[in-house]
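Novice: As a plain string of letters, each chain reads:
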Amino acid sequence: MTTITFPLSPAAQQKATQEPRWVRWALISIALLFLTLFLFIPLISVFYEAFKKGVEVYVAAITDPDALSAIKLTLTVAAIAVPLNMIFGVAAAWAIAKFEFRGKNLLITLIDLPFSVSPVVSGLIYVLVFGLQGWLGPWLSEHDFKVIFAVPGIVLATVFVTVPFIARELIPLMQAQGTEEEEAAVVLGASGWQTFFKITLPNIKWGLLYGAILCNARAMGEFGAVSVVSGHIRGSTNTMPLHVEILYNEYNFAAAFAVASLLALLALVTLALKTLIEFRNRQHQQRGHE
Amino acid sequence: MSIDVLNLSKQFGTFTALHDVSLQVHSGELLALLGPSGSGKTTLLRVIAGLETADSGQVLFHGEDATDQHVRERQVGFVFQHYALFRNMTIFENVAFGLRVRPKAFRPSNDEIRDRVMKLLHLVQLDWLADRYPHQLSGGQRQRIALARALAVEPKVLLLDEPFGALDAKVRKELRSWLRRLHDDMHITSVFVTHDQEEALEVADRVVVMNEGRIEQIGTPDEVYEQPASPFVYEFLGNVNLFHSRLHRGRAWIGDIELDAPEHAEAEEQAAVAYVRPHEIEVERTANGAAAMSALVVHILTVGPIVRLELVRKNDVDITPIQVELNKERFRELQLVKGDEVFITPRRLDVFPSRKAHVDVQSQIL
Amino acid sequence: MYPLKQHSILPGFNLALGFTLLYLSLIVLIPLSAAFIRTAELSWPDFWSIVTTPRVLASYRLTFGASFAAALVNALFGLLVAWVLVRYHFPGKKFVDALVDLPFALPTAVAGIALTALYAGNGWIGQYLEPLGIKVAFTPLGIFVALTFIGLPFVVRTVQPVLEDVEAELEEAAATLGANRWQTFTRVIFPAIFPALMTGFALAFARAIGEYGSVIFIAGNMPMISEITPLLIITKLEQYDYAGATALSVVMLVISFILLLIINLLQWWSRRRSSKT
Numbered sequence: 359m360t361t362i363t364f365p366l367s368p369a370a371q372q373k374a375t376q377e378p379r380w381v382r383w384a385l386i387s388i389a390l391l392f393l394t395l396f397l398f399i400p401l402i403s404v405f406y407e408a409f410k411k412g413v414e415v416y417v418a419a420i421t422d423p424d425a426l427s428a429i430k431l432t433l434t435v436a437a438i439a440v441p442l443n444m445i446f447g448v449a450a451a452w453a454i455a456k457f458e459f460r461g462k463n464l465l466i467t468l469i470d471l472p473f474s475v476s477p478v479v480s481g482l483i484y485v486l487v488f489g490l491q492g493w494l495g496p497w498l499s500e501h502d503f504k505v506i507f508a509v510p511g512i513v514l515a516t517v518f519v520t521v522p523f524i525a526r527e528l529i530p531l532m533q534a535q536g537t538e539e540e541e542a543a544v545v546l547g548a549s550g551w552q553t554f555f556k557i558t559l560p561n562i563k564w565g566l567l568y569g570a571i572l573c574n575a576r577a578m579g580e581f582g583a584v585s586v587v588s589g590h591i592r593g594s595t596n597t598m599p600l601h602v603e604i605l606y607n608e609y610n611f612a613a614a615f616a617v618a619s620l621l622a623l624l625a626l627v628t629l630a631l632k633t634l635i636e637f638r639n640r641q642h643q644q645r646g647h648e
Numbered sequence: 003m004s005i006d007v008l009n010l011s012k013q014f015g016t017f018t019a020l021h022d023v024s025l026q027v028h029s030g031e032l033l034a035l036l037g038p039s040g041s042g043k044t045t046l047l048r049v050i051a052g053l054e055t056a057d058s059g060q061v062l063f064h065g066e067d068a069t070d071q072h073v074r075e076r077q078v079g080f081v082f083q084h085y086a087l088f089r090n091m092t093i094f095e096n097v098a099f100g101l102r103v104r105p106k107a108f109r110p111s112n113d114e115i116r117d118r119v120m121k122l123l124h125l126v127q128l129d130w131l132a133d134r135y136p137h138q139l140s141g142g143q144r145q146r147i148a149l150a151r152a153l154a155v156e157p158k159v160l161l162l163d164e165p166f167g168a169l170d171a172k173v174r175k176e177l178r179s180w181l182r183r184l185h186d187d188m189h190i191t192s193v194f195v196t197h198d199q200e201e202a203l204e205v206a207d208r209v210v211v212m213n214e215g216r217i218e219q220i221g222t223p224d225e226v227y228e229q230p231a232s233p234f235v236y237e238f239l240g241n242v243n244l245f246h247s248r249l250h251r252g253r254a255w256i257g258d259i260e261l262d263a264p265e266h267a268e269a270e271e272q273a274a275v276a277y278v279r280p281h282e283i284e285v286e287r288t289a290n291g292a293a294a295m296s297a298l299v300v301h302i303l304t305v306g307p308i309v310r311l312e313l314v315r316k317n318d319v320d321i322t323p324i325q326v327e328l329n330k331e332r333f334r335e336l337q338l339v340k341g342d343e344v345f346i347t348p349r350r351l352d353v354f355p356s357r358k359a360h361v362d363v364q365s366q367i368l
Numbered sequence: 240m241y242p243l244k245q246h247s248i249l250p251g252f253n254l255a256l257g258f259t260l261l262y263l264s265l266i267v268l269i270p271l272s273a274a275f276i277r278t279a280e281l282s283w284p285d286f287w288s289i290v291t292t293p294r295v296l297a298s299y300r301l302t303f304g305a306s307f308a309a310a311l312v313n314a315l316f317g318l319l320v321a322w323v324l325v326r327y328h329f330p331g332k333k334f335v336d337a338l339v340d341l342p343f344a345l346p347t348a349v350a351g352i353a354l355t356a357l358y359a360g361n362g363w364i365g366q367y368l369e370p371l372g373i374k375v376a377f378t379p380l381g382i383f384v385a386l387t388f389i390g391l392p393f394v395v396r397t398v399q400p401v402l403e404d405v406e407a408e409l410e411e412a413a414a415t416l417g418a419n420r421w422q423t424f425t426r427v428i429f430p431a432i433f434p435a436l437m438t439g440f441a442l443a444f445a446r447a448i449g450e451y452g453s454v455i456f457i458a459g460n461m462p463m464i465s466e467i468t469p470l471l472i473i474t475k476l477e478q479y480d481y482a483g484a485t486a487l488s489v490v491m492l493v494i495s496f497i498l499l500l501i502i503n504l505l506q507w508w509s510r511r512r513s514s515k516t
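Same order as they appear, the protein sequences are chains G, Z and H.
Remember, the numbering used here sits 358 above the position in the first sequence when you count from 1.
Remember, the numbering used here sits 2 above the position in the second sequence when you count from 1.
Remember, the numbering used here sits 239 above the position in the third sequence when you count from 1.
For reference, chain G alone in the conformation it holds in the complex (with noise of 0.2 Å):
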């Protein structure tokens, strides 16, 4: 038996509980490639076929009337739907997370019940509600008011869609904060609203934004449930992913992906400041131990 004694390689030098290095390559490179054939390629080819035409033929579809007004009518949506949830998202944050009272686990698991309804469901429950078949049909027709088909009835849809996203980022981060401060400043002299204002919105201030930001995407994005309750018309009830949709059936590939291309530049820009968020967020919080 012969003893040879040489330096020791990295890999010997390797932790513990570390895996040998062509282990951790090996499951690096399975992961990458699965990321890379369901999102990094679906999400570079719309952009390829964007622009796949040429420019001209993009920007041809994107300026488009009918596709400037489904770009119209989503940002319209979103700056309802956005606004309403943020306020109900406080609301219900600042009753769950401050206060102790009977039935809160059955109010939180309702918070979150729209995020386990099919979206072509969602959309189905409002024509129920407000179609000519449906409660408040024949009312809302002699009145001449259209919910279904019209613009109401795509804001309630996306609005019921996007009920959770402010309220579940708000809630955990309110518990975790306390009431300590609010107490303060109660002790202090501070009125309610003074309370809220001064304390309370502040602190949940970049909470508040992240969960805009998601809620914002999906509400731009809906598509299933805004497809029940829209009636496809063009130039009046056709938001972008709807108008997507049209533009692809009829075979219109360019344009479809030009402006679905809109859509993912919406997705990259949340997730960036997503992202930076997140970010601040950590940065703050090593901060604030020590």
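Just to be clear, a hint being listed does not mean it is correct.
[To be verified] When the alpha-carbon atoms are kept at most 20 Å apart in a straight line, the in silico SDA-like pairs for lysine to any residue are as follows:
1. G:K410 <-> H:L499
2. G:K556 <-> H:A359
3. H:K244 <-> Z:T18
[What the hints assert, rightly or not] FRET-style restraints, in silico, Cβ to Cβ:
4. H:F334 <-> G:G536: 30 to 38 Å
5. Z:V305 <-> G:G550: 50 to 58 Å
6. H:F334 <-> Z:R134: 29 to 37 Å
7. Z:G167 <-> G:H642: 36 to 44 Å
Rather than coming from a laboratory, the hints here were simulated on the basis of the structure.
Positions of the beta carbon are idealized from the N, C-alpha and C atoms, including for glycine.
Model the placement of chains Z and H on the given structure of chain G, informed by the hints.
Specialist: Below, chains Z and H without anything else, positioned relative to chain G:
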């Protein structure tokens, strides 16, 4: 301003936090609420502040009923356990907050606010931190800012919830004597909650010992330490030795020794527990009196000027060793080593019948 | 008796809770109840025959089968991605970490047309699969691909924080006791993250069952073969068959609620497990 607490009771679900608690806080005194966690001390403090409402009972401020007064109207200063500094405001704004939120008619001018805040920051010796944010401060500094903030509204009563609980031992000691001095200068009626007996005994004018929602004893630090009113107070304050004992018509027996217990004249063959502090035990090499127990030295530990002995009684069912504290001189006189036989006499002990643990009778034998 | 609400000096409880309940009732509860009330107008045999026609049964099989397969793949690869993101360093890791959430942020219709273009016979990926006899677009396999895409972040994002919390000391203890890496993983790490993995799986599964936007483009939507239940609801609605659409949506709702219950139980289990260590 004096505070009267009358028959307060408070339940949280099935947990009784306060059980018919009555208490008087004299004007200008510094009072400690001392007890283990869950004893109701923090709840009592929060009820006095108006942060909690009791299920029944009254709180009087200066003789006037404040039970239904909102915390905003009670003019109390409250220092929270984790300071509760407003993280989004500078130190200056934190201290100024109570003045800034006043209705316009009562709000001081900006200059006045600035003067008063800086004066307070000077008082707590942290005026150089005015523009910092809470997260940039150490725990001890935050604690002092929390105090300055509470004082800014000129409260009539200062309430502190575990004021030094979250600090490390050294800062704790410093702040303790600092708070004592501050109180001596300002003479504001103050109540603070603590679970640290040393803190309560060192700082407070009077100590309220609480256990399971009840007050066990109220007294000066000397009184509660030297004359504990109940077994709980005995065990909670300082080290103590327990001896199984028997009471019969004014006499108490601990093992072979028999002692007078005139307070228990009515007792008939009653089991009891006797409490003796480690420094109240006399140690001799020879049995020169009748009332002495023999024991073996099993452990000797020197801590500074004090020598701690652990003794085990011969033929004893008790496995817990007896703790004895001697000063160095006495220890040298005795020249003890491990395994020596010694004879011990309690210089002072209290006997409590074991069934009725809360009866406040005590027997003292010298 | 435990009071309805514990006393607090903080104001605004009635206003906040009142608004919350009103909003939830108007937006969520009343519309949802409409589906159940309208279905209750049907007799039980009518309801049963609507929700069990062969075409509907085929759509359940497809929806649940494809969703289950997609959730399973996501559980496996999601665990792998979470592991790689937590444990290893490689260039571009932060970028990859941020992009994992893409399926949450990308509108489903965009995902749908992009995946269809990729997996069509002439697409970037489809052109290599077609010669092998594998057709993805316009087949049930395409549905599986779309559902895998939209469910991808769930497992990663539920497992990741739990994996970060597994104490290094635990693994070191296992190592000092003589366990190799594989034993440490299967006996120490995996049990710790298993509840989170199950939660992620259930979340991905629940999301996949209701998914519509990304599927309809790639599915081909052939009755009995590649028609998912949500699409069937839309089809019935377009034929003004409100009773049929509502009955099917009640079936979907009941399944969603059961899944929600299971997910809540799993999360409770997961929290309990992680608080014990």
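Novice: Let me make sure I understand: some of the numbered hints might not hold for this structure. Which ones are they, in numerical order?
Specialist: Hints 1, 2, 7 contradicted; others consistent.
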